[in-house]
Amino acid sequence: MTTGPTSVLETPPTAGRWSCSLTFPITGIISLLGLFWNGTVLWLLAFRIKRSAFSVYILNLAGADFTFLCCQLFFVLTDILTNSSDASLLTLHFKVEWYFYFTFPIAKLLAPIAFSSYAMDMSLLAAICTEHCLSVLCPIWYRLHRPKHLSTIVCVLLWTKSLLVCTLTGNTCRFLFRDYSEQACYNLTVVSAVLILFLVSVMCVSSLTLFLRVQCLSQRHHPTKVYIIILLTVLMFLLCGLPFGMYWLLLDWWHQTILQSLSLPYYLTDILSCMNSCINPIIYFFVGSFRQRKKRESLRVILQRAVGDEAEVNMRKESSHTDTMELFV
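The opening position of the sequence shown corresponds to residue 1 in UniProt numbering, with each subsequent residue numbered one higher.
Just so you know, these hints were derived from the structure itself, not from any lab. Errors might be hidden in some of the hints.
Distance condition first, Cα-Cα at most 30 Å in a straight line; then the derived DSS-like pairs of lysine-lysine [unchecked claim]: (1) K148 / K50; (2) K161 / K148; (3) K108 / K161; (4) K50 / K161.
Using the sequences and the accompanying hints, generate a full structural model.
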(Lines of atoms letter the chains of each structure in order from A; the text may use other names.)
(Lines give C-alpha, C1' and ligand atoms only; values in the text may rest on other atoms or scores of the structure.)
Protein backbone atom coordinates (compact mmCIF):
# COMPACT_ATOMS: atom_id res chain seq x y z
CA MET A 1 0.00 0.00 0.00
CA THR A 2 1.47 3.35 -1.00
CA THR A 3 0.93 6.59 0.81
CA GLY A 4 1.38 10.17 -0.25
CA PRO A 5 -0.36 13.49 -0.60
CA THR A 6 -1.00 13.03 -4.28
CA SER A 7 -2.84 9.74 -3.79
CA VAL A 8 -5.01 11.21 -1.06
CA LEU A 9 -5.86 14.35 -2.97
CA GLU A 10 -6.87 12.63 -6.21
CA THR A 11 -10.28 13.55 -7.56
CA PRO A 12 -12.68 11.02 -6.06
CA PRO A 13 -15.52 9.30 -7.87
CA THR A 14 -19.08 10.44 -7.31
CA ALA A 15 -19.93 7.38 -5.26
CA GLY A 16 -16.94 8.01 -2.97
CA ARG A 17 -17.91 11.67 -2.44
CA TRP A 18 -21.48 10.70 -1.67
CA SER A 19 -20.42 8.01 0.79
CA CYS A 20 -18.02 10.34 2.58
CA SER A 21 -20.51 13.20 2.76
CA LEU A 22 -22.84 10.80 4.54
CA THR A 23 -20.47 8.81 6.74
CA PHE A 24 -18.10 11.56 7.93
CA PRO A 25 -20.83 13.51 9.77
CA ILE A 26 -22.28 10.29 11.22
CA THR A 27 -18.89 9.18 12.54
CA GLY A 28 -18.18 12.66 13.91
CA ILE A 29 -21.54 12.98 15.68
CA ILE A 30 -21.31 9.49 17.19
CA SER A 31 -17.76 10.24 18.38
CA LEU A 32 -18.82 13.51 20.03
CA LEU A 33 -21.77 11.88 21.78
CA GLY A 34 -19.57 9.01 22.92
CA LEU A 35 -16.96 11.42 24.27
CA PHE A 36 -19.62 13.21 26.33
CA TRP A 37 -21.16 10.01 27.73
CA ASN A 38 -17.84 8.28 28.46
CA GLY A 39 -16.50 11.51 29.95
CA THR A 40 -19.50 11.57 32.29
CA VAL A 41 -18.82 7.97 33.35
CA LEU A 42 -15.14 8.77 33.89
CA TRP A 43 -15.95 11.79 36.04
CA LEU A 44 -18.49 9.94 38.20
CA LEU A 45 -16.40 6.82 38.71
CA ALA A 46 -13.17 8.72 39.34
CA PHE A 47 -14.45 11.39 41.73
CA ARG A 48 -18.05 10.78 42.81
CA ILE A 49 -18.51 7.04 43.35
CA LYS A 50 -16.72 4.74 45.75
CA ARG A 51 -14.46 2.27 43.97
CA SER A 52 -15.36 -1.40 43.76
CA ALA A 53 -13.83 -4.35 41.95
CA PHE A 54 -16.26 -4.06 39.05
CA SER A 55 -16.22 -0.24 38.86
CA VAL A 56 -12.42 -0.28 38.38
CA TYR A 57 -12.92 -2.32 35.21
CA ILE A 58 -15.70 -0.01 34.02
CA LEU A 59 -13.53 3.04 34.72
CA ASN A 60 -10.74 1.66 32.54
CA LEU A 61 -13.24 0.55 29.88
CA ALA A 62 -14.66 4.08 29.73
CA GLY A 63 -11.11 5.44 29.49
CA ALA A 64 -10.30 3.12 26.59
CA ASP A 65 -13.52 4.08 24.78
CA PHE A 66 -12.91 7.79 25.40
CA THR A 67 -9.37 7.55 23.99
CA PHE A 68 -10.51 5.57 20.95
CA LEU A 69 -13.24 8.09 20.16
CA CYS A 70 -10.79 11.00 20.48
CA CYS A 71 -8.55 9.35 17.89
CA GLN A 72 -11.48 8.58 15.61
CA LEU A 73 -12.64 12.18 15.75
CA PHE A 74 -9.13 13.35 14.82
CA PHE A 75 -9.02 10.93 11.88
CA VAL A 76 -12.41 12.12 10.63
CA LEU A 77 -11.18 15.72 10.71
CA THR A 78 -8.02 14.58 8.92
CA ASP A 79 -10.08 12.97 6.14
CA ILE A 80 -12.17 16.11 5.75
CA LEU A 81 -9.19 18.50 5.66
CA THR A 82 -7.22 16.33 3.21
CA ASN A 83 -10.28 15.71 1.03
CA SER A 84 -9.91 11.92 1.44
CA SER A 85 -13.19 11.16 -0.29
CA ASP A 86 -11.99 8.10 -2.18
CA ALA A 87 -13.27 5.09 -0.26
CA SER A 88 -10.37 2.94 -1.42
CA LEU A 89 -7.90 5.41 0.15
CA LEU A 90 -9.79 6.22 3.33
CA THR A 91 -7.76 3.90 5.55
CA LEU A 92 -4.66 5.99 4.76
CA HIS A 93 -5.66 8.57 7.37
CA PHE A 94 -3.68 6.48 9.89
CA LYS A 95 -0.40 6.93 8.00
CA VAL A 96 -1.06 9.59 5.38
CA GLU A 97 1.90 11.84 4.53
CA TRP A 98 0.05 14.96 5.55
CA TYR A 99 1.86 18.23 6.33
CA PHE A 100 0.43 18.13 9.86
CA TYR A 101 2.47 15.01 10.63
CA PHE A 102 5.65 16.73 9.45
CA THR A 103 4.90 19.81 11.56
CA PHE A 104 3.83 17.77 14.60
CA PRO A 105 5.47 14.30 14.37
CA ILE A 106 4.07 13.38 17.77
CA ALA A 107 0.64 13.12 16.09
CA LYS A 108 1.81 9.86 14.48
CA LEU A 109 1.35 8.25 17.89
CA LEU A 110 -2.41 8.57 17.52
CA ALA A 111 -2.67 5.47 15.31
CA PRO A 112 -0.99 3.11 17.84
CA ILE A 113 -2.97 4.79 20.64
CA ALA A 114 -6.22 4.15 18.77
CA PHE A 115 -5.40 0.47 18.21
CA SER A 116 -4.15 0.14 21.81
CA SER A 117 -7.46 1.51 23.10
CA TYR A 118 -9.35 -0.91 20.88
CA ALA A 119 -7.21 -3.81 22.11
CA MET A 120 -7.69 -2.66 25.71
CA ASP A 121 -11.47 -2.63 25.23
CA MET A 122 -11.37 -6.22 24.04
CA SER A 123 -8.95 -7.32 26.78
CA LEU A 124 -11.03 -5.75 29.54
CA LEU A 125 -14.20 -7.47 28.38
CA ALA A 126 -12.38 -10.81 28.34
CA ALA A 127 -11.02 -10.18 31.86
CA ILE A 128 -14.42 -9.10 33.21
CA CYS A 129 -16.16 -12.14 31.73
CA THR A 130 -13.51 -14.52 33.07
CA GLU A 131 -13.54 -13.10 36.59
CA HIS A 132 -17.31 -13.09 36.94
CA CYS A 133 -17.53 -16.54 35.40
CA LEU A 134 -15.18 -17.79 38.14
CA SER A 135 -17.24 -15.98 40.78
CA VAL A 136 -20.32 -17.89 39.68
CA LEU A 137 -18.78 -21.31 39.07
CA CYS A 138 -16.44 -21.32 42.10
CA PRO A 139 -17.92 -18.79 44.55
CA ILE A 140 -16.21 -20.04 47.72
CA TRP A 141 -12.77 -20.32 46.13
CA TYR A 142 -13.22 -16.94 44.45
CA ARG A 143 -14.10 -15.13 47.69
CA LEU A 144 -11.25 -16.72 49.63
CA HIS A 145 -8.45 -16.41 47.08
CA ARG A 146 -9.21 -13.24 45.11
CA PRO A 147 -6.49 -10.61 45.77
CA LYS A 148 -7.79 -7.30 47.09
CA HIS A 149 -6.37 -5.18 44.25
CA LEU A 150 -6.80 -7.73 41.46
CA SER A 151 -8.81 -5.35 39.26
CA THR A 152 -6.13 -2.66 39.38
CA ILE A 153 -3.31 -5.13 38.72
CA VAL A 154 -5.15 -6.68 35.77
CA CYS A 155 -5.87 -3.27 34.24
CA VAL A 156 -2.23 -2.17 34.52
CA LEU A 157 -1.03 -5.39 32.89
CA LEU A 158 -3.61 -5.16 30.10
CA TRP A 159 -2.73 -1.53 29.33
CA THR A 160 0.96 -2.46 29.20
CA LYS A 161 0.28 -5.40 26.89
CA SER A 162 -1.97 -3.40 24.55
CA LEU A 163 0.41 -0.44 24.29
CA LEU A 164 3.45 -2.67 23.78
CA VAL A 165 1.97 -4.87 21.05
CA CYS A 166 0.29 -2.04 19.14
CA THR A 167 3.33 0.26 19.35
CA LEU A 168 5.70 -2.44 18.12
CA THR A 169 3.31 -3.34 15.31
CA GLY A 170 2.83 0.30 14.34
CA ASN A 171 6.55 0.97 14.35
CA THR A 172 7.30 -1.88 11.93
CA CYS A 173 4.22 -1.40 9.73
CA ARG A 174 5.00 2.23 8.80
CA PHE A 175 2.56 3.88 11.22
CA LEU A 176 5.33 5.57 13.21
CA PHE A 177 8.89 6.68 12.50
CA ARG A 178 10.64 3.48 11.44
CA ASP A 179 10.87 2.33 7.82
CA TYR A 180 8.51 -0.41 6.69
CA SER A 181 9.71 -3.95 7.44
CA GLU A 182 7.54 -6.49 5.66
CA GLN A 183 8.65 -9.57 7.61
CA ALA A 184 8.56 -7.87 11.02
CA CYS A 185 5.18 -6.34 10.23
CA TYR A 186 3.83 -9.72 9.17
CA ASN A 187 5.14 -11.45 12.30
CA LEU A 188 3.65 -8.86 14.64
CA THR A 189 0.38 -8.91 12.73
CA VAL A 190 0.25 -12.68 13.27
CA VAL A 191 0.81 -12.09 16.99
CA SER A 192 -2.04 -9.56 16.99
CA ALA A 193 -4.31 -12.01 15.18
CA VAL A 194 -3.55 -14.75 17.70
CA LEU A 195 -4.25 -12.36 20.60
CA ILE A 196 -7.55 -11.26 19.07
CA LEU A 197 -8.60 -14.86 18.46
CA PHE A 198 -7.64 -15.82 22.02
CA LEU A 199 -9.42 -12.87 23.63
CA VAL A 200 -12.58 -13.34 21.57
CA SER A 201 -12.60 -17.05 22.40
CA VAL A 202 -12.21 -16.37 26.13
CA MET A 203 -14.87 -13.68 25.95
CA CYS A 204 -17.38 -15.90 24.13
CA VAL A 205 -16.82 -19.01 26.27
CA SER A 206 -16.94 -17.06 29.56
CA SER A 207 -19.98 -14.99 28.62
CA LEU A 208 -21.84 -18.05 27.31
CA THR A 209 -21.06 -19.94 30.52
CA LEU A 210 -22.14 -16.94 32.55
CA PHE A 211 -25.35 -16.63 30.53
CA LEU A 212 -26.27 -20.29 31.01
CA ARG A 213 -25.52 -20.11 34.72
CA VAL A 214 -27.57 -16.96 35.15
CA GLN A 215 -30.44 -18.56 33.27
CA CYS A 216 -30.42 -21.43 35.76
CA LEU A 217 -30.26 -19.10 38.75
CA SER A 218 -32.92 -16.77 37.37
CA GLN A 219 -35.56 -19.39 38.11
CA ARG A 220 -35.12 -18.60 41.83
CA HIS A 221 -34.41 -14.83 41.65
CA HIS A 222 -33.57 -12.11 39.17
CA PRO A 223 -29.97 -11.84 37.88
CA THR A 224 -27.95 -8.91 39.19
CA LYS A 225 -27.34 -5.80 37.15
CA VAL A 226 -23.66 -6.70 36.84
CA TYR A 227 -24.46 -9.81 34.82
CA ILE A 228 -26.82 -7.91 32.54
CA ILE A 229 -24.19 -5.21 31.90
CA ILE A 230 -21.52 -7.80 31.10
CA LEU A 231 -23.71 -9.74 28.68
CA LEU A 232 -24.94 -6.60 26.89
CA THR A 233 -21.46 -5.05 26.52
CA VAL A 234 -20.02 -8.31 25.18
CA LEU A 235 -22.91 -8.64 22.72
CA MET A 236 -22.42 -5.06 21.50
CA PHE A 237 -18.69 -5.62 21.06
CA LEU A 238 -19.20 -8.77 19.00
CA LEU A 239 -21.74 -7.00 16.79
CA CYS A 240 -20.14 -3.54 16.50
CA GLY A 241 -16.55 -3.67 17.71
CA LEU A 242 -15.15 -6.92 16.36
CA PRO A 243 -15.63 -6.09 12.62
CA PHE A 244 -13.16 -3.18 13.00
CA GLY A 245 -10.34 -5.46 14.18
CA MET A 246 -11.13 -8.17 11.65
CA TYR A 247 -11.11 -5.66 8.80
CA TRP A 248 -7.65 -4.33 9.69
CA LEU A 249 -6.22 -7.84 9.98
CA LEU A 250 -7.57 -8.68 6.53
CA LEU A 251 -6.30 -5.36 5.20
CA ASP A 252 -2.76 -6.11 6.37
CA TRP A 253 -2.72 -9.59 4.85
CA TRP A 254 -4.89 -9.48 1.73
CA HIS A 255 -5.26 -5.81 0.76
CA GLN A 256 -4.23 -6.63 -2.82
CA THR A 257 -6.89 -9.31 -3.26
CA ILE A 258 -10.00 -9.71 -1.18
CA LEU A 259 -10.23 -6.09 0.06
CA GLN A 260 -9.13 -4.36 -3.12
CA SER A 261 -12.69 -3.77 -4.32
CA LEU A 262 -14.31 -3.41 -0.89
CA SER A 263 -14.81 0.23 0.10
CA LEU A 264 -18.16 0.48 1.85
CA PRO A 265 -17.32 -2.17 4.52
CA TYR A 266 -14.62 0.10 5.92
CA TYR A 267 -17.11 2.92 6.37
CA LEU A 268 -19.41 0.53 8.18
CA THR A 269 -16.70 -0.90 10.46
CA ASP A 270 -15.54 2.63 11.31
CA ILE A 271 -19.06 3.71 12.27
CA LEU A 272 -19.76 0.47 14.12
CA SER A 273 -16.54 0.77 16.14
CA CYS A 274 -17.57 4.26 17.25
CA MET A 275 -21.03 2.97 18.13
CA ASN A 276 -19.46 0.22 20.24
CA SER A 277 -17.46 2.76 22.25
CA CYS A 278 -20.46 5.07 22.46
CA ILE A 279 -23.12 2.62 23.59
CA ASN A 280 -21.51 1.27 26.77
CA PRO A 281 -22.47 4.28 28.97
CA ILE A 282 -26.03 3.98 27.67
CA ILE A 283 -26.07 0.36 28.85
CA TYR A 284 -24.83 1.36 32.33
CA PHE A 285 -27.44 4.07 32.83
CA PHE A 286 -30.24 1.99 31.30
CA VAL A 287 -29.53 -1.03 33.50
CA GLY A 288 -29.05 1.17 36.57
CA SER A 289 -32.44 2.86 36.11
CA PHE A 290 -34.34 -0.25 35.03
CA ARG A 291 -37.32 -1.21 37.23
CA GLN A 292 -36.88 1.74 39.55
CA ARG A 293 -39.99 3.44 40.92
CA LYS A 294 -38.33 6.79 41.54
CA LYS A 295 -38.86 9.06 38.57
CA ARG A 296 -35.98 11.47 39.14
CA GLU A 297 -32.54 10.31 40.19
CA SER A 298 -29.09 11.71 39.61
CA LEU A 299 -26.73 10.04 37.16
CA ARG A 300 -24.39 9.27 40.06
CA VAL A 301 -27.06 7.24 41.87
CA ILE A 302 -28.04 5.41 38.71
CA LEU A 303 -24.44 4.55 37.80
CA GLN A 304 -23.58 3.46 41.34
CA ARG A 305 -26.59 1.17 41.36
CA ALA A 306 -25.36 -0.42 38.14
CA VAL A 307 -21.65 -0.86 38.86
CA GLY A 308 -21.14 0.02 42.51
CA ASP A 309 -21.15 -1.76 45.85
CA GLU A 310 -24.80 -2.72 45.62
CA ALA A 311 -24.06 -4.92 42.65
CA GLU A 312 -21.22 -6.66 44.46
CA VAL A 313 -23.40 -7.22 47.53
CA ASN A 314 -26.06 -8.79 45.37
CA MET A 315 -23.43 -10.94 43.68
CA ARG A 316 -22.15 -12.19 47.03
CA LYS A 317 -25.69 -12.90 48.22
CA GLU A 318 -26.38 -14.81 45.06
CA SER A 319 -23.16 -16.81 45.43
CA SER A 320 -23.94 -17.59 49.08
CA HIS A 321 -27.42 -18.72 48.15
CA THR A 322 -25.95 -20.94 45.45
CA ASP A 323 -23.48 -22.44 47.92
CA THR A 324 -26.28 -23.24 50.34
CA MET A 325 -28.37 -24.89 47.65
CA GLU A 326 -25.38 -26.97 46.51
CA LEU A 327 -24.76 -28.23 50.07
CA PHE A 328 -28.26 -29.62 50.25
CA VAL A 329 -28.06 -31.30 46.84
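Is the straight-line distance between the alpha-carbon of K108 and that of K161 30 Å or less?
-> holds (20 Å)
Mind checking the alpha carbons of K161 and K148 for me, to see if they're no more than 30 Å apart?
-> holds (22 Å)
Taking 30 Å as the top limit, are the C-alpha atoms of K50 and K161 close enough?
-> holds (27 Å)
Restraint status (C-alpha distance of K148 to K50 at most 30 Å) | Measuring from Cα to Cα gives roughly 15 Å; hence the hint holds.
Checked against the numbered hints given earlier, this structure breaks none of them.
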